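So the protein sequences, as listed, match chains A and B.
All letters in the first sequence, in the order written, are residues 48 to 333 by my numbering.
All letters in the second sequence, in the order written, are residues 18 to 130 by my numbering.
No wet-lab data here; the hints were simulated from the structure.
These numbers were taken from a predicted model, which means no experiment stands behind them.
Glycine is no exception: its CB is placed at the ideal position from the N, C-alpha and C atoms.
Warning: the hint list may mix true and false statements.
[Unchecked claim] Computed, partial: chain B to chain A, Cβ under 8 Å:
1) L31
2) D38
3) D50
4) L52
5) Y54
6) M56
7) A57
8) H71
9) Q72
10) A76
11) N92
12) M93
13) Q95
14) N96
15) L99
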Amino acid sequence: MNNGQFFPKVADVMTREVITITSDSTVRQAKEIMRLNCISGMPVVDQEKVLIGIISVADIIRVMEENDLDAKVSKIMTTNPVFLREQDTVGQALSANRQYKYGRFPVLDEKSRVVGILTASDIVARLAQLLKIDQVEEHDESKGPKDFTMQTIDFHIHGMNFEKAGEAASTIKKILTDLGLRKTVIRRAAIAAYDAEMNVVIHAYEGRLIAHITPEDVTIKAMDIGPGIEDISLAMQPGYSTAPDQIRRMGFGAGMGLPNIKKSADEFSIESSPRGTTLVIKILVE
Amino acid sequence: MKCNELTKLLNISLLTPDKIDPALEVSGCYCGDLLSYVMAHAKAGDVWLTIQTHQNIVAVAVLLNMPCIILVEGNMPQNDTLFKAQKEGVVLMSSQDTAYHVAGCLYSLGLGR
Chain A
48 MNNGQFFPKV
58 ADVMTREVIT
68 ITSDSTVRQA
78 KEIMRLNCIS
88 GMPVVDQEKV
98 LIGIISVADI
108 IRVMEENDLD
118 AKVSKIMTTN
128 PVFLREQDTV
138 GQALSANRQY
148 KYGRFPVLDE
158 KSRVVGILTA
168 SDIVARLAQL
178 LKIDQVEEHD
188 ESKGPKDFTM
198 QTIDFHIHGM
208 NFEKAGEAAS
218 TIKKILTDLG
228 LRKTVIRRAA
238 IAAYDAEMNV
248 VIHAYEGRLI
258 AHITPEDVTI
268 KAMDIGPGIE
278 DISLAMQPGY
288 STAPDQIRRM
298 GFGAGMGLPN
308 IKKSADEFSI
318 ESSPRGTTLV
328 IKILVE
Chain B
18 MKCNELTKLL
28 NISLLTPDKI
38 DPALEVSGCY
48 CGDLLSYVMA
58 HAKAGDVWLT
68 IQTHQNIVAV
78 AVLLNMPCII
88 LVEGNMPQND
98 TLFKAQKEGV
108 VLMSSQDTAY
118 HVAGCLYSLG
128 LGR
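My request is simple: use the sequences and hints to build the entire structure.
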């Protein structure tokens, strides 16, 4: 289905300002660096920035119990730490995160030098940022529901741009499919997202489509800046449309958008004023 | 029934290149030109018969998992429609016949029954 225009790599989401320490420093120094920077661990490197170990708060507590804060970092660090490469995918990073349960992973370049650090919250934060401006490329590697906590995807929708129209809904559908949700849930979310997106394209100047996905429900919020809906109860009637003729000739404006959305949703709300319209559509996953 | 069988059985030409899997399985048919009606009623696996030629039909097909669109009455896709269909892996075909005629043929071939 996809041609791989955008596939987030670890390099796209990692933190580049990484605090490291050399192995000949003392544990006391390491403790101070971590305290001052409010971090709970850091990679240990040699003079060339090549990764040789990792040190965490747990290691330091152990040393404090032994009253040995002047020991060298090399003595207490974890050697052969789990690391990621810049070119690894975010998917691989997430599976490493699940597998090892470490809070952070050093990221190495081709010469094994530390060029970044990645935490699970980095992935969530940066990915959400990236998704606002780019489409996500999802894996097809697994079937069945995946472990996930939540995802938020935010799209900017341009009024009257029929070239891009439907892309937000398509992306949402691909993500839900990849998460392994039930087909009926995906279908209802796809219908609701598509009609909500098309309403913004046809009727508003611009807007946003935000999908918030949790293991319990999919919430799609469509917010636009536009003329608003004059009579909501009329707009909710199947077949009623205010779309201009040239739009109808393209097959839009059948007056089924809002009725379709309502029918697809478990919970639905609509608010409109002459400044714009906001729809909130909730679809339960179970 | 597979998409590529349709071109053999009916007077229909394949517009998208062979490489996008014309052997996709189809299991039913839906006719319609009003997109939100199609969104609400067409089913996954349907062949979609329409006169609409703009690229948004590809988005509708992808969203509903319809593997194939047949443009009827000699309608040809706009360039960006063809491009998008290739990109998304949707089989695009064209027929000189009406939707009624094509749907009738598909029905008599047993599709969706």
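Hint check results:
no.: 1; hint: L31; result: 19 Å, violated
no.: 2; hint: D38; result: 10 Å, violated
no.: 3; hint: D50; result: 5 Å, holds
no.: 4; hint: L52; result: 4 Å, holds
no.: 5; hint: Y54; result: 6 Å, holds
no.: 6; hint: M56; result: 5 Å, holds
no.: 7; hint: A57; result: 5 Å, holds
no.: 8; hint: H71; result: 6 Å, holds
no.: 9; hint: Q72; result: 7 Å, holds
no.: 10; hint: A76; result: 3 Å, holds
no.: 11; hint: N92; result: 12 Å, violated
no.: 12; hint: M93; result: 16 Å, violated
no.: 13; hint: Q95; result: 11 Å, violated
no.: 14; hint: N96; result: 12 Å, violated
no.: 15; hint: L99; result: 14 Å, violated
When each numbered hint is compared with the structure, violations occur for hints 1, 2, 11, 12, 13, 14 and 15.
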